[in-house]
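Asks: Start from chain A and add chain B according to the hints.
Sequence lines, in order, name chains A and B.
For the first sequence, position 270 (counting from the first letter as 1) is numbered 270 according to full-length UniProt numbering, and the numbering increases by one without interruption.
For the second sequence, position 198 (counting from the first letter as 1) is numbered 198 according to full-length UniProt numbering, and the numbering increases by one without interruption.
Calculated from the structure, these hints are not laboratory results.
As the structure is a computational prediction, the values presented were derived from the model and not from experiment.
Hints may be right or wrong, so weigh each one.
No distinction is drawn between identical chains; accordingly, a pair holds when it is met within one copy or between any pair of copies.
Unchecked claim - Derived lysine-lysine pairs resembling DSSO-like cross-links, with alpha carbons at most 30 Å apart:
no. : residue 1 : residue 2
1   : K104      : K329
2   : K111      : K327
3   : K165      : K61
4   : K335      : K107
5   : K61       : K329
6   : K353      : K75
Protein chains: 2
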Amino acid sequence: MSAAPIVPPTRVLAVASHVVSGYVGNKVAVFVLQSLGCDAAALNTVQFSNHTGYRHWTGTKATAQEISDLYRGLKDNYINDFDMMLSGYIPGAEGVLAVGEIAKELKETNKEQPGNFFWVLDPVMGDNGNLYVAADVVPAYKSLLSYADLIIPNQFEAELLSEVKITDMDSLAAAIQAFHEKHRVPHVIITSVSISSPDIPEGHLCVVGSTMTSAGRPRLFKTVFPSIDCYFCGTGDMFGALVTVRMREAAAEAAEGAATAGDVHVTSRASWLSDDAVAAVDLPLARATEKVLASMHEVLTHTKDAMQGVVDRTLAAMTEEERRGDKQKMLAGKKAAELQLVRNLDCLRAPQKTIEVRPF
Amino acid sequence: MSAAPIVPPTRVLAVASHVVSGYVGNKVAVFVLQSLGCDAAALNTVQFSNHTGYRHWTGTKATAQEISDLYRGLKDNYINDFDMMLSGYIPGAEGVLAVGEIAKELKETNKEQPGNFFWVLDPVMGDNGNLYVAADVVPAYKSLLSYADLIIPNQFEAELLSEVKITDMDSLAAAIQAFHEKHRVPHVIITSVSISSPDIPEGHLCVVGSTMTSAGRPRLFKTVFPSIDCYFCGTGDMFGALVTVRMREAAAEAAEGAATAGDVHVTSRASWLSDDAVAAVDLPLARATEKVLASMHEVLTHTKDAMQGVVDRTLAAMTEEERRGDKQKMLAGKKAAELQLVRNLDCLRAPQKTIEVRPF
Numbered sequence: 001m002s003a004a005p006i007v008p009p010t011r012v013l014a015v016a017s018h019v020v021s022g023y024v025g026n027k028v029a030v031f032v033l034q035s036l037g038c039d040a041a042a043l044n045t046v047q048f049s050n051h052t053g054y055r056h057w058t059g060t061k062a063t064a065q066e067i068s069d070l071y072r073g074l075k076d077n078y079i080n081d082f083d084m085m086l087s088g089y090i091p092g093a094e095g096v097l098a099v100g101e102i103a104k105e106l107k108e109t110n111k112e113q114p115g116n117f118f119w120v121l122d123p124v125m126g127d128n129g130n131l132y133v134a135a136d137v138v139p140a141y142k143s144l145l146s147y148a149d150l151i152i153p154n155q156f157e158a159e160l161l162s163e164v165k166i167t168d169m170d171s172l173a174a175a176i177q178a179f180h181e182k183h184r185v186p187h188v189i190i191t192s193v194s195i196s197s198p199d200i201p202e203g204h205l206c207v208v209g210s211t212m213t214s215a216g217r218p219r220l221f222k223t224v225f226p227s228i229d230c231y232f233c234g235t236g237d238m239f240g241a242l243v244t245v246r247m248r249e250a251a252a253e254a255a256e257g258a259a260t261a262g263d264v265h266v267t268s269r270a271s272w273l274s275d276d277a278v279a280a281v282d283l284p285l286a287r288a289t290e291k292v293l294a295s296m297h298e299v300l301t302h303t304k305d306a307m308q309g310v311v312d313r314t315l316a317a318m319t320e321e322e323r324r325g326d327k328q329k330m331l332a333g334k335k336a337a338e339l340q341l342v343r344n345l346d347c348l349r350a351p352q353k354t355i356e357v358r359p360f
Numbered sequence: 001m002s003a004a005p006i007v008p009p010t011r012v013l014a015v016a017s018h019v020v021s022g023y024v025g026n027k028v029a030v031f032v033l034q035s036l037g038c039d040a041a042a043l044n045t046v047q048f049s050n051h052t053g054y055r056h057w058t059g060t061k062a063t064a065q066e067i068s069d070l071y072r073g074l075k076d077n078y079i080n081d082f083d084m085m086l087s088g089y090i091p092g093a094e095g096v097l098a099v100g101e102i103a104k105e106l107k108e109t110n111k112e113q114p115g116n117f118f119w120v121l122d123p124v125m126g127d128n129g130n131l132y133v134a135a136d137v138v139p140a141y142k143s144l145l146s147y148a149d150l151i152i153p154n155q156f157e158a159e160l161l162s163e164v165k166i167t168d169m170d171s172l173a174a175a176i177q178a179f180h181e182k183h184r185v186p187h188v189i190i191t192s193v194s195i196s197s198p199d200i201p202e203g204h205l206c207v208v209g210s211t212m213t214s215a216g217r218p219r220l221f222k223t224v225f226p227s228i229d230c231y232f233c234g235t236g237d238m239f240g241a242l243v244t245v246r247m248r249e250a251a252a253e254a255a256e257g258a259a260t261a262g263d264v265h266v267t268s269r270a271s272w273l274s275d276d277a278v279a280a281v282d283l284p285l286a287r288a289t290e291k292v293l294a295s296m297h298e299v300l301t302h303t304k305d306a307m308q309g310v311v312d313r314t315l316a317a318m319t320e321e322e323r324r325g326d327k328q329k330m331l332a333g334k335k336a337a338e339l340q341l342v343r344n345l346d347c348l349r350a351p352q353k354t355i356e357v358r359p360f
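Same shape as in the complex, but just chain A:
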């Protein structure tokens, strides 16, 4: 009957888009963070009526100056004491750089205790070969990689940032190695891998992650699981928010184990880097990935199961003429594909599904 917090007290600055209706960006992230017990500060980079997948929307974007001003307001009031930051969609390169300045400042503030601040960077730029931001956003993100603790690009974004074309498991590993070695990114998860490989059967998805060793070498793990045959918006944002909380949880658990053994806490180290002796599949990042994917699988399954009902009810509420329109049918489908988060709190907090990572 208890709905106790899942993590120790954690203040997270969540920087992403806001939509009035539906679930993408901070509308996903803030609820996920909060319902697992994090104190989420929500800096909204846009306020749109709905996500852009509906093709038509209204609303406004925050300028880079407005983003910086909001952070300054927090700082002036001594309420910028964040344990973590999760950044998602930011409109334009100047905005990306403004968010980067926030991360740099929080890193600098915590330089004596570098484990006290952890940045999860979701470099939202595009998917499946399509860039949906301005071209200058790519170098902006590239310039910030070395300040991130964990990056969670999809395959396309990983290619843009690593400059490694991902065509098979070897090039995938090479891209992750580039993040570790060239950009000194400690933790990497490639959230959606679509390559043809004997390891990935038809209709399956692959997620690959790695935490570097002290020498900057990758420790790769992967998991392959049946995909849900449906296009949902906001899945990347759900991944980001869940991994933020679950990484905190897994690192805190590892720290507790270390305390019992008289070792150094993983959370007192910069970027919560595990001992070199820890194998890939035993990393806090691996534990976090398993729980994140289990929650996502359950939420997406419930969403898919409810879709036809939402379409039927939406069309039933229209006039007969509207109901025949292709646009109206498309819109009913978009509404039905909105993530069913709030009525599936159990899936977020305590997923029953088991997903296990394996060595790469």
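Replies: The following block gives chain B in isolation, referenced to the frame of chain A:
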């Protein structure tokens, strides 16, 4: 172990302010609505770094046009199918009227099934004799009262809107009667009553509510409970969000009872008005008020208990010079008084405290 939704599927349009850090306005309402199972559409009327109680803040306000545009975006995409609306702080009279237009349109859309849309109006204007909005906001709210289903003013706001000076229990009843008879507001709760009365012992608070009969006569109930001696921001917003969900829950329960007895569902009636035979203390509004106040008592108690710790940690993170400053001490206090919502999910969902309403 279950975190099942508390209400039937309910889509709520929540119109209020947004703060990046802390808990007032939609930052309270959206989490409360969501964690009890409502699909909350969040239309943010401002984005500020923090609430204005800190005295300094940064951010931007939405114009009346921007509010209207956001709603138009929802309508164009057939995602304005709201069961309820909760409106809180809106900057300026034009904005208030823009939100009123949204309510009027949703009322009109549902005129064949008037129980399908319910507006909870929190007329945020001031407190304890101080108006903290422009003077023309008062007539703007007054012009909208007849479209509201439930209004939740504090004593000062009730006086402004009813034009009845509240000095004792009789004038309090007269103010509520004015809302029912003159403005045809079906449900009223005065959320904080501070009058000297033998019914309200020193250090206690009084909340009074009423659902009118079909003849527009009040059915008054009250509850008196020990106050928590501390000033918190966002309590009105927490009340509004909780009462939105609990009113829906109580009306659905009453409807279920009616279905068993072969009677008309309360939720199929305009404004969910109970039969005239239902006594004041048996109203769905009374049931809702009890649960709302129980949750609030628990959250405020936990917040107060944690305050000194937050102050100590905030001051400890400052330089020695800062720590001596009066402004810094004030700011640490403001931070410590932020509602502790996210780590007290149980208090919101399943309060243990019992609060009972009595006949007025």
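Asks: Hints the structure violates: just list their numbers, smallest first.
Replies: Violated hints: 3, 6; rest satisfied.
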